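Q: Protein chains in written order, with this note's numbering: chain Z, 480 to 824; chain L, 480 to 824.
Since the hints were derived computationally from the structure, they do not count as laboratory data. The model shown is predicted, which means the values in this text are computed figures rather than measured ones. We put the beta carbon where it would ideally sit given N, CA and C, even for glycine. Be careful, since some hints might not be right.
Said to hold, decoys possible - The calculated lysine to any residue pairs, modelled on SDA-like cross-linking and capped at a C-alpha distance of 20 angstroms, are:
#1 Z:K683 to Z:Q506
#2 Z:K784 to Z:R680
#3 Z:K768 to L:P624
#4 Z:K567 to L:H565
#5 L:K724 to Z:E823
#6 Z:K768 to Z:Q792
#7 Z:K515 to Z:P605
#8 Z:K599 to Z:Q736
#9 Z:K768 to L:E823
#10 L:K768 to Z:D787
#11 L:K567 to Z:P605
#12 Z:K567 to L:G569
#13 Z:K567 to L:E823
#14 L:K768 to Z:E618
#15 L:K789 to Z:N818
#16 L:K567 to Z:V606
#17 Z:K515 to Z:P705
#18 L:K768 to Z:G621
#19 L:K768 to Z:S509
What the hints assert, rightly or not - These stretches of chain L come out as covered by chain Z in the derived footprint (C-beta under 8 angstroms, 3 or more residues):
#20 543-556
#21 704-718
#22 802-812
#23 815-823
What follows is each chain in one-letter form.
Number of protein chains: 2
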Amino acid sequence: MGSVSFWKKAGLCCIPLIATSAILWAQMPSHVPIPKDNPQTREKIELGKQLFFDPRLSVTGTVSCNSCHNVMSNGTDNRPVSLGAHGKPGDRNAPTVFNAAFRSVQFWDGRAASLEDQAKGPPMNPVEMAMPSEQMIEERIGSIPGYRREFEKVFGGSQPVTFDNIAKAIASFERTLITPGSPYDRYMAGDKAALSPEAQRGLKLFESTGCTACHSGPMFSGPTQPMGTGFYMKFPLFSDNPYVKQYNLAEDLGRYQVTHQEQDQHMFVVPSLRNVEVTAPYFHNGSVKTLDEAVRVMARTQLNKTLDEKDVQDMVAFLDSLTGEFPVITLPRLPETPNTTILER
Amino acid sequence: MGSVSFWKKAGLCCIPLIATSAILWAQMPSHVPIPKDNPQTREKIELGKQLFFDPRLSVTGTVSCNSCHNVMSNGTDNRPVSLGAHGKPGDRNAPTVFNAAFRSVQFWDGRAASLEDQAKGPPMNPVEMAMPSEQMIEERIGSIPGYRREFEKVFGGSQPVTFDNIAKAIASFERTLITPGSPYDRYMAGDKAALSPEAQRGLKLFESTGCTACHSGPMFSGPTQPMGTGFYMKFPLFSDNPYVKQYNLAEDLGRYQVTHQEQDQHMFVVPSLRNVEVTAPYFHNGSVKTLDEAVRVMARTQLNKTLDEKDVQDMVAFLDSLTGEFPVITLPRLPETPNTTILER
Numbered sequence: 480m481g482s483v484s485f486w487k488k489a490g491l492c493c494i495p496l497i498a499t500s501a502i503l504w505a506q507m508p509s510h511v512p513i514p515k516d517n518p519q520t521r522e523k524i525e526l527g528k529q530l531f532f533d534p535r536l537s538v539t540g541t542v543s544c545n546s547c548h549n550v551m552s553n554g555t556d557n558r559p560v561s562l563g564a565h566g567k568p569g570d571r572n573a574p575t576v577f578n579a580a581f582r583s584v585q586f587w588d589g590r591a592a593s594l595e596d597q598a599k600g601p602p603m604n605p606v607e608m609a610m611p612s613e614q615m616i617e618e619r620i621g622s623i624p625g626y627r628r629e630f631e632k633v634f635g636g637s638q639p640v641t642f643d644n645i646a647k648a649i650a651s652f653e654r655t656l657i658t659p660g661s662p663y664d665r666y667m668a669g670d671k672a673a674l675s676p677e678a679q680r681g682l683k684l685f686e687s688t689g690c691t692a693c694h695s696g697p698m699f700s701g702p703t704q705p706m707g708t709g710f711y712m713k714f715p716l717f718s719d720n721p722y723v724k725q726y727n728l729a730e731d732l733g734r735y736q737v738t739h740q741e742q743d744q745h746m747f748v749v750p751s752l753r754n755v756e757v758t759a760p761y762f763h764n765g766s767v768k769t770l771d772e773a774v775r776v777m778a779r780t781q782l783n784k785t786l787d788e789k790d791v792q793d794m795v796a797f798l799d800s801l802t803g804e805f806p807v808i809t810l811p812r813l814p815e816t817p818n819t820t821i822l823e824r
Numbered sequence: 480m481g482s483v484s485f486w487k488k489a490g491l492c493c494i495p496l497i498a499t500s501a502i503l504w505a506q507m508p509s510h511v512p513i514p515k516d517n518p519q520t521r522e523k524i525e526l527g528k529q530l531f532f533d534p535r536l537s538v539t540g541t542v543s544c545n546s547c548h549n550v551m552s553n554g555t556d557n558r559p560v561s562l563g564a565h566g567k568p569g570d571r572n573a574p575t576v577f578n579a580a581f582r583s584v585q586f587w588d589g590r591a592a593s594l595e596d597q598a599k600g601p602p603m604n605p606v607e608m609a610m611p612s613e614q615m616i617e618e619r620i621g622s623i624p625g626y627r628r629e630f631e632k633v634f635g636g637s638q639p640v641t642f643d644n645i646a647k648a649i650a651s652f653e654r655t656l657i658t659p660g661s662p663y664d665r666y667m668a669g670d671k672a673a674l675s676p677e678a679q680r681g682l683k684l685f686e687s688t689g690c691t692a693c694h695s696g697p698m699f700s701g702p703t704q705p706m707g708t709g710f711y712m713k714f715p716l717f718s719d720n721p722y723v724k725q726y727n728l729a730e731d732l733g734r735y736q737v738t739h740q741e742q743d744q745h746m747f748v749v750p751s752l753r754n755v756e757v758t759a760p761y762f763h764n765g766s767v768k769t770l771d772e773a774v775r776v777m778a779r780t781q782l783n784k785t786l787d788e789k790d791v792q793d794m795v796a797f798l799d800s801l802t803g804e805f806p807v808i809t810l811p812r813l814p815e816t817p818n819t820t821i822l823e824r
């Protein structure tokens, strides 16, 4: 199938017109977008790091942002779906927090327009961190003397420990979680030895097969969108193959669950392929365990193609070249609650 | 009650004879004991740090050593009892990992003679990390290429990824988790301004009340014992008070559960008071939320004394002076499983 019939099927015929080679292939940007109303400061990033690692943002005091988006690993937990504060599984695979700052929308269904919006989701999600109310979050964090002092310093005002400010600080820290320096980026910068011959074949195959129809641009997540505007694709696009049943790919209605508009059924944000080597398992439901199988599934469900095994291996070699360098992070000290605890049985 | 009747009641009449002032009060030692068969090396400590933070040591991939012994906080989780991999609560309060290297035995009932022995407990505990067998732990860790390389480098041999070596590496890392430099240590080193007048009154009161009968020595955990030999005390010693029922202090049979010998009923290792300010809640069952209440309970259940509120506050001021300086730790990078995951649903 050529790219025209793909786009026709996908109902997005205009996209290929702008998907020129310059947009298809690009290095990782050197700077993340920063919203005007949440400028980065050293103190805010440090506060955000504390909050990101603080399990007291969950009702049980056992689940932090880092539990499911583990920055010691790949910004995810490598589980199909995460387990929340009460040990219950979530619905969708935890996306990596690394390079999330470059995403124009957050969550698989794009329901958060910014990292700030996203950060407010898990604490209030009854399966994830399961806090009963925004007020309880503010009260709990505000009851910790060290946090109160830091929020005052970072945000000022008489009541700085707000859910909004908690989210702003976490988002600021997350904007430091980027992974430049991948072999692919070095290759694009002129170091032709950075990619193995297999990876170079995989790169060409990635374009000729049609993967770049969606996975283009510096993040391999489609044409760069204005912040808050997602780039979505139907998944699975072709359902007449055994993978759909085998991996339960058609159960989740995707963005429809947010908009309740028919055209959003099975629409998902196109995920970045940066670090895809180390973020197994794959897809919105985490149902596919290995990257080679994910490549086979994608070729068949999105492009109606069946790749031979050599092509799959070359494609994986190319995708492995998108793994960047992870930042060195010093552990935060979490502020204390002297002589008492705020966590009940 | 004077100290003689206390020791008579406790059945340990010989102890006061050696509990001279020199033993009662001491600074934190500058070096931790290192077992001959597990010398510290930089690479082993680094490997141990990775393992300490790696949730893949639990069956679900969600609970690491750090989950319950959080070194970003106080080496504990500040919960009454911890929640394990399947969300189930444990039986006893998680002791802090900070300064555990100085403890002559590990666990509340002293059932592990070393940090190495202790490290093998939680992974196999069905409520904690819930791994089904030592073999599965070895296979899982051994299936991660980065770990395999590091174990080869650190331990050598053809099959270096053993449960024993996992425990040795973790113990080596834990021996770096010490907190010197407390106000008390500075005071003992001659800086008389390091303790407030309240804390100095508390210090005197701590001895005159009889607390030093057990909480003596550099770690405030009793006379220094040879490694593997615990210093135990009956708790509660005096049961004719409302605290015992209120905080359910007499339910747990303590060391008896390990030895099944009658004299070990309700015997527990005397815990260190280092960092007690920040390790709430208190006691083997984590039933007491605040340090002031813990002081009241201890005076009554162990020394049959009722302190007035001023004394309680002074004692707390002294105990707060035992909080040391926590080490700055760089986050480890956890070795990857490229293009796949080892965690199933």
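Q: Each hint: holds or not?
A: Status of the hints after comparison with the structure:
1. Z:K683 to Z:Q506: holds, 16 angstroms
2. Z:K784 to Z:R680: The given pair, whose Cα atoms are some 18 angstroms apart, holds under the 20 angstroms limit.
3. Z:K768 to L:P624: holds, 17 angstroms
4. Z:K567 to L:H565: holds, 9 angstroms
5. L:K724 to Z:E823: holds, 19 angstroms
6. Z:K768 to Z:Q792: holds, 16 angstroms
7. Z:K515 to Z:P605: violated, 31 angstroms
8. Z:K599 to Z:Q736: holds, 18 angstroms
9. Z:K768 to L:E823: holds, 9 angstroms
10. L:K768 to Z:D787: Outside the cut-off at roughly 63 angstroms; violated.
11. L:K567 to Z:P605: holds, 18 angstroms
12. Z:K567 to L:G569: holds, 18 angstroms
13. Z:K567 to L:E823: Satisfied, since the Cα-Cα distance of roughly 15 angstroms is no more than 20 angstroms.
14. L:K768 to Z:E618: holds, 18 angstroms
15. L:K789 to Z:N818: holds, 16 angstroms
16. L:K567 to Z:V606: holds, 16 angstroms
17. Z:K515 to Z:P705: holds, 14 angstroms
18. L:K768 to Z:G621: Cα-Cα ~19 angstroms, so holds.
19. L:K768 to Z:S509: violated, 48 angstroms
20. 543-556: holds (count 7)
21. 704-718: violated (count 0)
22. 802-812: That given contact holds, which follows from 7 residues of the stretch 802-812 of chain L lying within Cβ reach (below 8 angstroms) of chain Z.
23. 815-823: holds (count 9)
In summary, the structure is inconsistent with hints 7, 10, 19, 21 from the numbered list given earlier, while agreeing with the others.
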